[in-house]
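There are 4 protein chains.
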Amino acid sequence: MIIVMKGGCGEQQVHDVSQRLEELGYVVNPIFGVEKTVIGAVGGKEHEKVDAVDQLRGYDGVEDVILITKPYKFVAKEYRGKKSVLDIGGVLIGGDEIVMMAGPCTVESEDQLFLTAERVAKAGAKILRGGAYKPCTSPYSFQGMGLEGLKLLKEAGRRYGLKVITEVMHVRKVEEVAEYADILQIGTRNMQNYDLLREVGQSRTPVMLKRGMTAKIEEWLLAAEYIAAGGNEKIMLCERGIRTFEPYTRNTLDLSAVAALSSLTHLPVIVDPSQGTGRRDLIAPMSKASVAVGADGLIIEVHPNPDHAIKDGAQSITIDAFENLMPELEAIAGAVGRTFKTPAAV
Amino acid sequence: MIIVMKGGCGEQQVHDVSQRLEELGYVVNPIFGVEKTVIGAVGGKEHEKVDAVDQLRGYDGVEDVILITKPYKFVAKEYRGKKSVLDIGGVLIGGDEIVMMAGPCTVESEDQLFLTAERVAKAGAKILRGGAYKPCTSPYSFQGMGLEGLKLLKEAGRRYGLKVITEVMHVRKVEEVAEYADILQIGTRNMQNYDLLREVGQSRTPVMLKRGMTAKIEEWLLAAEYIAAGGNEKIMLCERGIRTFEPYTRNTLDLSAVAALSSLTHLPVIVDPSQGTGRRDLIAPMSKASVAVGADGLIIEVHPNPDHAIKDGAQSITIDAFENLMPELEAIAGAVGRTFKTPAAV
Amino acid sequence: MIIVMKGGCGEQQVHDVSQRLEELGYVVNPIFGVEKTVIGAVGGKEHEKVDAVDQLRGYDGVEDVILITKPYKFVAKEYRGKKSVLDIGGVLIGGDEIVMMAGPCTVESEDQLFLTAERVAKAGAKILRGGAYKPCTSPYSFQGMGLEGLKLLKEAGRRYGLKVITEVMHVRKVEEVAEYADILQIGTRNMQNYDLLREVGQSRTPVMLKRGMTAKIEEWLLAAEYIAAGGNEKIMLCERGIRTFEPYTRNTLDLSAVAALSSLTHLPVIVDPSQGTGRRDLIAPMSKASVAVGADGLIIEVHPNPDHAIKDGAQSITIDAFENLMPELEAIAGAVGRTFKTPAAV
Amino acid sequence: MIIVMKGGCGEQQVHDVSQRLEELGYVVNPIFGVEKTVIGAVGGKEHEKVDAVDQLRGYDGVEDVILITKPYKFVAKEYRGKKSVLDIGGVLIGGDEIVMMAGPCTVESEDQLFLTAERVAKAGAKILRGGAYKPCTSPYSFQGMGLEGLKLLKEAGRRYGLKVITEVMHVRKVEEVAEYADILQIGTRNMQNYDLLREVGQSRTPVMLKRGMTAKIEEWLLAAEYIAAGGNEKIMLCERGIRTFEPYTRNTLDLSAVAALSSLTHLPVIVDPSQGTGRRDLIAPMSKASVAVGADGLIIEVHPNPDHAIKDGAQSITIDAFENLMPELEAIAGAVGRTFKTPAAV
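Protein chains in written order, with the numbering used here: chain A, 5 to 350; chain B, 5 to 350; chain C, 5 to 350; chain D, 5 to 350.
Isolated chain A, as found in the complex (with noise of 0.2 Å):
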């Protein structure tokens, strides 16, 4: 931890923040300059750091502090040293496959979500998404089917091969949209509703973690860091766009977020075009850059009538877009020396 002193600030000063900071263990190394005194302190307790930077920014004479070890560490690149793998029922993700979830944003019907589901695995992807619960800025918007989109979610993954993933978004629905999902999602709008975060940390299902629309890199794996230090280390990220002064796309979809990832932490990161740019044609070169870039798997609302969608329209594809991109990302990923599955196998 480095302490700034204020230009200016006197021998007590410095006196009082050495001294506090041998209370809470560190080794003190103050350097005086000609204007300005710093202070170098090593050591320390891991977990009790961050809030000590908070005390010492309030002391007297202080201009900033600034901590120099990362405030995560189960999901620090350091904690394995490789890459995560996840396996979810024989499908993995951050592997050298790229990962397909597709599906339409809201579960409205048996025939909208069988339809989509059939031919989205037909077309190669491996993961059905569809929203049961939706969390919506408006109280008077559809807010989902519910249990009953659940039980369709999990019967349409059955018959055509394909493992769920659904949001969560009650505390108190975790364990039950657990026994119908394989993968439990975690919204923007919830990235650090920490009550949740617990919750799901308690659970053994894996979990994809939305960056939140205003999250700094740091906050969003410290997000994470709660998940996984409540014991469930099956952790994926979804970088889903942040929200700038740019009107023209819904969100701003930060690629660069996708590469920095790589060398900050182990978990392997998926990206939603859908939500991140709100704009059915920019859904595929975006998916393009995503695969490009270095993400691990793709996840795209695809509806059979967008056109007549219930939510989200103006963000999903339809199937036949979805069979169309399919090959071009197959053409990326080989590019870039990963591997996509395509039809072929059909």
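Don't read these hints as lab results, they were simulated from the structure.
Quick reminder that beta carbons are idealized off the backbone N, C-alpha and C, glycines included.
Take the hints with a grain of salt, since some may be wrong.
[To be verified] Quick list of simulated restraints, FRET-style, between CB atoms: (1) C:F118 x D:K49: 26 to 36 Å; (2) B:K77 x C:A325: 47 to 57 Å; (3) C:G85 x A:Q23: 25 to 35 Å; (4) A:E179 x B:G235: 23 to 33 Å; (5) D:D285 x A:E179: 55 to 65 Å; (6) D:N309 x A:G93: 48 to 58 Å.
Knowing the structure of chain A, use the given hints to seat chains B, C and D on it.
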């Protein structure tokens, strides 16, 4: 609702959109311009509008869909016509008087809390703040004293004649917190935790809803609408800063939102200059600006010894500083025609 | 300067960085922690620091470089010790009195300008604003009356006893504008137009430097440093809102920056609530908040008939509204110990 | 144009707005809804629309004004119908081939520049980049070699068969820079320096317009429109990252803008992953993503010894790294049906 069609879209597309609008119960009125066609649609069912916009945006040939009625109802200014005044056990919020809420970021001990409570009460504060359950970016930070902290808050409030506000983070603890607190605070990270919003909507305890750090004003009002739609209309809003690119302050306190809300909603608005700036030296000037802009109250972090606060010492002021600030705020309140009760009564 | 080395970096890397620092004239002081090494460096030549940070950041094994002295000098608080007061032909800016600048966004005609000037002068304004050369997002917008507008401004100022401020956008017109105006305004889009900053640095006419809509406080002060380093120290800053995700207001007026600047710089600070909010109804409350937070003056767009203004009518108030606002601001000024001259003299 | 009136506005207000629209040459078509009235207006003079919107927004009773035609013309996709291909002395930009621009951030010496030029040319680059006049946040940074640097660039280009791109910052140096460079670069800080845009609009040298770090896509296209309206239609755009809250990267490279531009404009689009990320290790992955998303070229900072670069070493790659990147990009280019010329010739 206005549907803007893309330049060069065909008659068929205008027809399809119009037909769908009629199915949804709208009266349709297309305007054919030289470059573009625009479809005006009036009527439609109140609660289906939000989803309809979403759907139509994805239609072939549609460039944009603009909803021209506000998507919220119970919290809209028009619903009441005049400003709401909340009665918190005799303390009125939203009336002529500007109400001060003060206390430590985190309840640390009986001594710390009681000393603070006693002195802020004498200085004119009406409501005691203090965190018992704390939302922390890191799982390794101190997470609060929990139930023990709630008991101390209630006792301190009772002893010094203060009402109590504290954060509730867990849907399963809403009842417990409501037993000890007079106002339930929903924190910035939970502004879109709809599970929690619905739960406090079931409660009859007043709620203070903090603005999400990345929430647009409309999203904030829609979050309040969740609570109101659940049956709890005793809501106040709290501006606490938004996330921007500026690193000097922890957040950017958006005082124009406070002014804007006075024409959009009947709900009272509180300002939190501690969270809003993250810097002790900015609390006094931003408190004064908040009163000048029309806030109904302030919530300020006060600590007997901020340099030893467990959390957020950097944004807490000393009790002395709080006492000194009070007459300054009283002067501003007078200048804008509001009342403000200072230690005079003591 | 603090150089934070990456975890696991070798001795050679620490040596390379240390050697380079010594070449640059620093005294080097490495601190070896358990996880990381940190190098403290004191001394170094003032003017080379900014570039040195840039260079070292790219070194192998370097994680971060932190400059602990402020990168600006002439505009820093310490340079003067106390606040600067600018004397604009007898109107003092930065002293006890809060100075009002008012006038139309754009000079449109003699009638419009003279009517406005006469009445804002009577209401207590000291400085007349008005655009002669206008920066426009679109090349098809009205670009201002140019020289003709400058002449009208000077004449209106002379006749009604007002000093004149107007924007200069072209390096080749600095002299021309300085001939007619008492203060040169640098607009938000030109805050980092270094060519123009150097040009006005050569002038002896006072300058008002508006904050770039995306400028951090430090970048803003560095832009002011360009002007000061050129020899023109008669500078005032103008907060006019920053760009954020919030669409309700045109910009987010950052009043905490005004408070922050009082500890960072000796320069006076003006607030522009017209540009800052883009909404007529927010100008009065944000003006009051600006005075409360410590602004040295306000610059407000006033138009005899905003509904027919060529530009920015939406953020202009009527002359009547300006007259009504003045006593309100006087009351706030009194409450914060500042003076404010209203129509009393009339 | 659509004018949305406020709920509860009276007939007189609708009449006033309608009358004003008719004065401006519009055909007016009001739609009276239950809650609100909306006025559709078609026609109007092309060049007056932008100002008309501005005016009407301030009218009494007006809630919002929405312009439904694009405010730019020459740079719009529709103007050409197909993508433009710029011929830079035989190097085609915007055609099938992806063009590489490479070179040091700043021209430092003949040795540094010539060594870099020779090797990037051999590796397949077609255009040499290098700063002679540098825009610097601090007045104390090295501001570039100026004319001397321009001469070196021209000579290096001539010797190694490269075209030259360099930044022009000063309106009075456009001619000088155009004498030595094949492409004039307008930097991010000058994207809305209209004085400079008009000046390069008078030139016949091609221009690369970088996106302002805070510019919306529409504003960027309007800035390009300034150049085109001045008579110079040889324009390419360069995405170089926008400013967001994320501190890990220097900017957030917005690749969705690259995809979006392909439907909005006929101009070629280049990506700058060096400025866009500010981190050496992210340049390769983001370059690959840029090619995948549809960029027409890349501009990359390459330095023989980035650790000793005067500027931006942190975001420069070594010549070796550049050579290694080229075949990777070639593979991606092939996967998206583009051509890419690599060292084959060597």
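Hint by hint, here is what the structure shows:
| no. | hint | result |
| --- | --- | --- |
| 1 | C:F118 x D:K49: 26 to 36 Å | holds, 29 Å |
| 2 | B:K77 x C:A325: 47 to 57 Å | violated, 31 Å |
| 3 | C:G85 x A:Q23: 25 to 35 Å | holds, 31 Å |
| 4 | A:E179 x B:G235: 23 to 33 Å | holds, 28 Å |
| 5 | D:D285 x A:E179: 55 to 65 Å | violated, 41 Å |
| 6 | D:N309 x A:G93: 48 to 58 Å | holds, 51 Å |
Violated hints for the displayed structure, listed by number in ascending order: 2 and 5.
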